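Enquirer: For reference, the chains in residue letters:
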Amino acid sequence: MSRAASRAPGANKRLAEDGGASQSFLSSSLRKLSLQQSQQHDPQSASRPADSSSDICNVCKSSRYLNPNMRFLVNPECYHKMCESCVDRIFTHGPAPCPIAGCNKTLRKAKFRTQTFEDLKIEREVDIRRRVAKAMNKEESDFERLIDYNNYLETVEEITWNLILRIDVDETERKLRLWEDAQKAELNPNATFRRIADQPEASQLSEGSHVVLKKGGTQRKALAASSGNTPDPFAVDESGKRDTGFVFQGLKKRKAPPAEKPFDPFDGWSIEPQQYTLQEVHDYKWLTAYDSDPAYYVGGWDTRDYYSRMMEEAFGGMCVFLEDEKVRPLGSGSVEIGTQNAASVAQGMKDVVMDDVF
Amino acid sequence: MRFKIDELEVLFPYPRVYPEQYAYMCDLKRTLDAGGHCVLEMPSGTGKTVSLLSLIVAYQMASAEKRKLIYCSRTMSEIEKALAELRGLMKYRTQELGYEEEFRGLGLTSRKNLCLHPTVKREKSGTIVDAKCRSLTAGFVKEKKERGEDVEICVYHDNLDLLEPHNLIPPGVWTFDGMLKYGEQQKQCPYFTARRMMPYCNVIIYSYHYLLDPKIAERVSKEFSKDCIVVFDEAHNIDNVCIESLSIDLTEDALRKATRGANNLERKITEMKSTDAEKLQNEYAKLVEGLRAADEARDENAFMANPALPDDLLKEAVPGNIRRAEHFVAFLKRFVEYLKTRMKVLHVISETPPSFLSHLKELTFIERKPLRFCAERLTSLVRTLELTNIEDYQPLQEVATFATLIATYETGFLLILEPFESATATVPNPILHFTCLDAAIAIKPVFERFSSVIVTSGTLSPLDMYPRMLNFNTVVQESFTMTLTRKSFLPMIVDRGSDQNQITSQFEHRNDGPVIRNFGNLLIEFCKLTPDGVVVFFPSYLYMESIISQWQGMGVLDTVWKYKLILVETPDAQETSLALETFRTACNNGRGAVLLCVARGKVSEGIDFDHHYGRTVINMGVPYQYTESRILKARLEFLRETYRIKEADFLSFDAMRHAAQCLGRVIRGKDDYGIMVLADKRFGKKITQLPKWIQMALETKNTKLSVDQAVSHAKAFLREMSVPWSRTEQEGHSSWSIQDLERHLAKKKAEAIGGTENPGMRAAEGRAERPTVVAVEDDEFGGAGMDEVMAGLDG
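In order, the protein sequences belong to chains A and B.
Going letter by letter, the first sequence gives residues 41 to 398 in the numbering used here.
Going letter by letter, the second sequence gives residues 431 to 1225 in the numbering used here.
Hints are computed from structural coordinates only; laboratory data are not their basis.
Keep in mind the model is a prediction, meaning the values are calculated, not measured.
Glycine is no exception: its CB is placed at the ideal position from the N, C-alpha and C atoms.
Hints are not guaranteed to be accurate.
[Claimed, not checked] If the Cβ cut is set under 7 angstroms, some of the chain A residues that face chain B in the computed set are:
#1 PHE157
#2 ASP159
#3 VAL166
#4 ASN191
#5 LEU193
#6 GLU197
#7 ILE207
#8 ASP210
[To be verified] Pair by pair, the computed Cβ-Cβ distance ranges are:
#9 B:GLU792 to A:LEU186: 24 to 32 angstroms
#10 A:CYS118 to B:PRO784: 30 to 38 angstroms
#11 A:HIS133 to B:TYR714: 48 to 56 angstroms
#12 B:PRO784 to A:ASN144: 42 to 50 angstroms
#13 A:THR195 to B:SER704: 18 to 26 angstroms
#14 B:LYS652 to A:ASP210: 16 to 24 angstroms
#15 B:TYR714 to A:ASP210: 24 to 32 angstroms
#16 B:SER704 to A:ASP210: 23 to 31 angstroms
#17 A:ILE96 to B:ASP988: 56 to 64 angstroms
#18 B:GLU579 to A:ARG206: 18 to 26 angstroms
#19 A:LEU186 to B:PRO595: 33 to 41 angstroms
#20 A:LEU186 to B:PRO875: 35 to 43 angstroms
#21 B:GLU792 to A:ASP210: 23 to 31 angstroms
#22 B:THR557 to A:LEU186: 32 to 40 angstroms
Looking at chain B on its own, in the form it has when it is part of the complex (with noise of 0.2 angstroms):
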């Protein structure tokens, strides 16, 4: 259908539309004009991505200069269905049109996906492809075979270079499936075709991390705009996704590793000194004069990525004691000795980077300064060596970030050094966490470079949480809620048992008998009510492993083995796997299963349990963090002294963004239908904290059950839920037709005319408020509560 929001016309791909989409887009497109950032929540499976994509190419399409648009997804599999709700937009835009417009689509994902030639794409492992592929397109490999020599190259990414380089692909939306098909045919090199694109394209959808990790935004996306337009879907996790990219782990076997690559090359450099000496002699040249002068081709060719490097550093020169090979290999051997005479230390150790670096001059004479330029010296070093075998030199580079991480940055970073894997460990493992607090660094040059940052999912609350921690300003934050024709998903509170004991995971009490046995009747009486699938959310896997055992002894699981399959979650990805396939085939044809997993588990993030595979989703236990944990406590410490956000306010919204991913697997678009239990007492005073979708949903009466009470409520849900219902219900209401837009367009327009804000024309959009509730909606975000904390912070 076609329409307009204010003068803008937007194509949108489907015959109707849902109010909260319509809203969406109407928000989205205040943020676009305004050039700010925003946060957007809107549940799950209510066509999030669609409307975002048919607003933006609209805005795209309609305005001169053209902004790009930077799809930010998590998983391989959402990247895809972006990539295909695109296309379908595309195909619907020309038929509406009339011709086809100019348009670009591109997706990118890692060489491992894309790759195409015979012997590398066999390959298993990620790291080993994108090495295989850099010893066969590096810019030296090429120059060797031109001054024929007898060197393997990709003959797929040679063929890139016959044609022109700005029309590798001709216009419109490619998915994966077509890059690879495209490339078979035309025999070039998908990967590098779309990396080579991405100037040229204007909508791009990649992972994340290619614009968040510094050390691979550097390179792939460096060349963008700043009137981009970048949206981070899915972003409940960016945070931890932030602090991933700039944290690094060492290990005693990861220095060794390093050592071992430090002296392969100095092997290296011997060889080279004996037959080539006059290309050390040029890099020397190079690096005398600056750093940045000494790699201007820092195209995809570059071997190793460099984490963040302030842009002054990088025009300076190195400092003249690692300009030498043979005096920078030096250096690195001293400060991996050095890293491993600290890992000796048998007692934890938490310290910053200035009193690492002070140390660390003290015993070893290494400055700050070479310190800095360290991961971009071994990356030239690299080069010049023409090394093939990229991967050896894995812990030698972590090394080497780690070093320029820990010189460029004084705050927002600790060095963690645990000696014991646990507490009842005597043989030392020593682990060295070099672990980024401040979720701000990775992510603020992305909010300085694009004007127009998106920020979405489908639980963001409490939504002024997200710029608090990121550091960053909106223009629009919104919630939006599913507009339904019928109660189609009943979330409740169950805090006691039939016994009138309480249910609670509170480490106290959690291994109680009472409670035990409560848990095992809540998922007795569920899986005896519930058709088809069951899913179980334990806050960890050792819980789970130890309520199990019990719950085996108590006869629990051959009760419920009597109506459901049982299959269980297990840290390993595979037997995962295994088991998702097996629930599904359960559900299909069967009694059903009920499937035990972890709430931050892989199922709780990525799997959709829509429709039959999942009626009931359970969340046994508040799924908190492990408080015990030092990275933890170190980033509540830095989050309460830079933020100023109390450590159990994080704690509490880390448990209850979890929580809510975990309900949100069941429902997923507006015809399905499930039930949600939230089985612990706690979660009583954590309501406000859930997504607006829920918390609306959640009556008072809903709240504080005891499990025989939700089994009635669950049992009438269900028998409403079996009246036969077709989707012509919803329409007018919660599902617009073109007349209906109009309709409310109308309204709303008398409405501003009268110029009363009511209320209820922002439910009838999906906007999160209560209409009941008039003036009071600042809670919405949580905000109030909020103010209170700091209020009595400044106190």
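This is chain A alone, in the form it adopts within the complex (with noise of 0.2 angstroms):
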């Protein structure tokens, strides 16, 4: 409740629902129990300065006292206000500059939204803010060392500073992108690697021209003169390490998670017959005349299966010692003897000899 209360668009819509109900039951007596002191009333806090300069759209002058209903909005490409009804006007028939004078910025009207911070610096700052923690978004546990943690901390907001206060916003800008591209590269691998082979260009070009097709004349040469020196984020220099835009000391290093293996639904158990060998063909003359026997493989018998099952009984039970079962009672003890004089013994011959393996 309180959330969706507290965006409340601001000292705006107060006067217009002053007629509301309110909930307050408090009386006057018993704030003066609470320890707040009495509040001194100084000329400046008693009219409201914020509001009065709202009251008036820079663009059309209508104020709010003939129009009570009346709404501002702002656009984050140049944070000037103006009311509804003339971004209505202006803007309805697609992007247009903005009205105020001096501001050559090209607005659309998607992207007008009403204020959430008195102060449009604050807002601009948590624009800008919303902007940088996207990319930066570290957490303390991904740091070795707390003040390893405390520097990226104040790295992060100095970038944040620049950009507000528009100190070199195109180096930052590149960077933040560079380390933003990094991240997700880390993150997920294949993404990127395929990036790279099918179009090894398609994010700057994408990105440019997407660019350039919104934005005014002059911002249009800046991003040109930017865009040109850029160097592929991608480019290795020449100590082998990529470009990532920042880094950082004692970050940890992010362990890739181990490629999946197949299902394997024994889990590792292995069902091989480890005494034997078994061969693909026995030369057994009363066995190998099923073979050819219609009457026989056409329903499916199959003299293999017969081996593998009379080796199976013939072994089935062997190579079990008490001893190794009692100290490792998964069983693998005796299997290795076996299998290497079932290895030795099916390398000699060509059948499996019955060799006392005791």
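The task is to assemble the complex, starting from two chains supplied on their own in separate frames and drawing on the hints.
Expert: Laid out in structure tokens, this is it:
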């Protein structure tokens, strides 16, 4: 409830809703009991400077006095405030330049919104922070030491400040993009590898062309300049490392999860015979006759099944040593010896000879 | 007189001791020996303070380790009284023992009361005095002076540095007057003398806040060792003090000022960057290391207060994103802007800290961790910038404190936003209340740190409520009564008027004509029969105003006017003090006066109406709190959920402690007498919640009276009181000489050999138990009823 409420658009809405029923029952006498000392009334606080300035639309000069339902909107491109009707009037037919003198930004109607904070500077700052927070999202647990984390936080703060104060915006943006891509690459290596293979400059191209369409003339030039000297984000420098925009000390190496193996229903347990080797063909006259007898093979009877069954029955329970079973209940101790013997036997002779392995 | 409790020799500065004082001291000693906390209730006017002091001083002197006594009281006048008692006691000890003991007793109060600086002391407001004093005494000011810059400093403060740091003032007990005189003589600052001498004192007497308010306690009371004995005197309101010390209210105005403060800070930082960038760099370097390392010099020079921070936090380094000064200021600005946004809402919001924090993060990307460091970081910044006009940054400081508190505590706090001042208001005037619901949070460090904490007052019934609310365990809980030779006070419950109509301040009936008329008749009758002063307490200012205006229409006031001068308490402190002065004058020379006041006002808390100033006290209605308050509702809910105290129980307990406090105003000693009238039918069911000493004097025949019956009882009582009486009559019974004491001890010893616990013996010592009821005394603390309630909750 509170969350929704706090998003209420602010001063603008307040006067409009003044008539609404209030729920406060707090009497004045009780308030006196509270800790708060008597609030001094200085003349500056009596009048509300924020409200009075926000009452007139800078574009059409209409004021809230005449139109109490007026709403003010801002566009995050330039943060110039204007009333809703002006926005409708100017921007309904597609993008248009900002009507405030000296501001040449091209604005679109869809981007207009009500402001959350009274102070537009803060509004802008928070937008920038949202952008930075999207890229810089490391947590304390990602770092080896606390001081590394703190240094990271400070760097992030500096990036934000650069963007806010418009110092080195292009450079910072570039670095941020690099970092973002690097993070993405780290998180999901497959996605980026494919991209490099398919269309090496896809990100660059699409980004650039996309922006140029939207931006005004001056910006276009700046962008062209910046994108001109932007190196390929996946270029590998001399030391063999990729340029990630920022380097943070003490960042824990991300361990890639081990590649997934094919599903094995027996979880590594083998049902291959271990004491003997089945051969493809065993040369017993009375048996080979069945192989070529349609009466048998048409019905699906296979001599190999017969061999394997016979061998299994013959070796069942063999090579199991009680002592070893006691020590290693999983019963793999005797198996090795048996396999070795079986292997040597298999190599030496054509057929399995029931040699005494014990 | 000198006597022994067990093996401990106690020097008592009066020739006689009251039995209850003796018993009180025995229990105190038991507590100190056992090393735990205790709750003791003893009526006002029976010499609580002197018994406390004489036993603890005797205990200190006898033991080798010399446990320090920290005596906390509520008001300035009580602190002064305690200091005077201590002084008398030490004088007596010197005289009895024949030599002077090495002993220091000091009191501490605000700078405003102890300042000697010629210009600073003329300031009226305490905060301005504090700020001005800081600007003259801060460490960097002195450094500047040494560098040869022309800055103003305080001579009184600087002279202290010339003295030996552990011997700024000779041994002895120093009252505030004495300190001021000595300071003037030696040209040294009494405030800082007291502050710096605290580690070397045997007894320190100061206000609760120095120990309970974490913002102040951190600096003032940090260095006390664990074995200190802490006494909270007049502690019946201690839970409210605890809660208030951690609650913060923010208004739009405060936020605007905070923004201004933040802008000022920003400007200062820019200035400093151009002139003295090195300093900022130094601070930064220190902050990289850790917060505590940044200010090892946390002595009295610390500028601003910080709320309670867990120790592990203080050892940690400041988060990187608020390490740089300009980043931090922007951070603060963002936070203030966010709060402003929240204030715009037009309906009431109540929210827990975690929910607030998550919304804050969503909207402004402020994390919890830097928020926790806010107050501490601001202190550091203010110190680095060497700001002198601290008072300008007060609102910003408040916001920072709020930030730290809300990020530190998840439970026990609630955020309530009230956009309108009253239900009918249409112009929003939002207030953001950050209320502490749990009194135990503020007092917890005290109970954890000190081995013996003694909570004592005249009205603490029911005794077990306090340990539950403040969440501690006691080794001794005892309630004492006043041993009296004659019945010197007459409590009565009046539940109906002469017309048999009820008397009550219940909300549904409080404005009924008959009820108001009956209240009026009650007042008229008692004004007629009482000699000298009458004090009347109403539940609230609002009700008092409405009833007075109705009385005016009924002609009640005109009748009262014939007998007494009528004076009224108002919320304004100065008006009230004028009214009080007039009241006293009228009582001194005339037919007396009647003072109409409010049960939770100033008069009910700190003013004594001893002897002829108060012969009758009337409680018109049960002084319940305003139950529609959201803060109170939240607290009640918290108490129910956390400590399993039912809403009704707490409200009734709270009302009765205030009622008892009002009644206690008129009896200030054994030779005082007075009538106590509880005028509400609901009091009949709340008798058990009165302090034991009032309960015992309240006879059953006095519990359901009509106004005319009460009048006849009161007349008989006054006639009885007018019989000539001298103090000698109480000797041996309610006042013991040394022989009486010895006789009692011998008797007790004999009884002990007999092996039977004699209730008569307890009664003789003034312990609160009715001699007739032997076994079922558990109800003494109102505990039995409470347990049933608990059982009901469980089931």
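Enquirer: Take the hints in turn and mark each one as holding or not.
Expert: Results of checking the hints against the structure:
The interface hint given for A:PHE157 holds, since its Cβ lies 5 angstroms from the closest Cβ of chain B, which is under the 7 angstroms cut-off. Because the smallest distance between the Cβ of A:ASP159 and any Cβ of chain B comes to about 5 angstroms, under 7 angstroms, the interface hint for this residue holds. Interface restraint check for A:VAL166: the shortest CB-CB distance to chain B comes to about 6 angstroms, inside 7 angstroms, so the restraint holds. Given hint, A:ASN191 at the interface with chain B, holds; its Cβ is 6 angstroms from that chain's nearest Cβ, closer than 7 angstroms.
Evaluation of the A:LEU193 hint against chain B yields a held restraint, the C-beta minimum of about 3 angstroms falling below 7 angstroms. Interface hint status for A:GLU197: upheld, as the beta-carbon distance to the closest one in chain B is roughly 4 angstroms, under 7 angstroms. At about 13 angstroms, the closest approach between the beta carbon of A:ILE207 and any beta carbon in chain B exceeds 7 angstroms, and the interface hint on this residue is violated. Checking A:ASP210 against chain B: minimum C-beta separation of about 22 angstroms lies over 7 angstroms; hint violated.
A hinted range of 24 to 32 angstroms for the beta carbons of B:GLU792 and A:LEU186 is consistent with their spacing of about 25 angstroms. The given range of 30 to 38 angstroms is respected by A:CYS118 and B:PRO784, whose C-beta atoms sit roughly 37 angstroms from each other. Checking the proposed 48 to 56 angstroms range against A:HIS133 and B:TYR714 shows it holds: the Cβ atoms sit about 53 angstroms from each other. For B:PRO784 and A:ASN144, the Cβ-Cβ distance of about 45 angstroms falls inside the hinted range of 42 to 50 angstroms, so the restraint holds.
For the pair A:THR195 and B:SER704, the supplied restraint of 18 to 26 angstroms holds, since their beta-carbon distance comes to about 25 angstroms. Separation of B:LYS652 from A:ASP210 is about 52 angstroms and departs from the stated range, judged on CB atoms against 16 to 24 angstroms. Our hint of 24 to 32 angstroms for B:TYR714 and A:ASP210 holds, since their Cβ atoms are close to 28 angstroms apart. Distance hint for B:SER704 and A:ASP210: a CB-CB separation of about 28 angstroms, consistent with the stated range 23 to 31 angstroms.
At roughly 60 angstroms, the beta-carbon separation of A:ILE96 and B:ASP988 lies within the given 56 to 64 angstroms, and the hint holds. At roughly 39 angstroms, the beta carbons of B:GLU579 and A:ARG206 sit outside the given window of 18 to 26 angstroms. Judged by the Cβ atoms, the range 33 to 41 angstroms given for A:LEU186 and B:PRO595 holds: they are separated by roughly 37 angstroms. Take A:LEU186 and B:PRO875: their Cβ atoms lie about 26 angstroms apart, and the range 35 to 43 angstroms is violated.
Separation of B:GLU792 from A:ASP210 is about 30 angstroms and conforms to the stated range, judged on CB atoms against 23 to 31 angstroms. The hinted range of 32 to 40 angstroms is satisfied by B:THR557 and A:LEU186, whose Cβ atoms lie roughly 37 angstroms apart.
Violated hints for the displayed structure, listed by number in ascending order: 7, 8, 14, 18 and 20.
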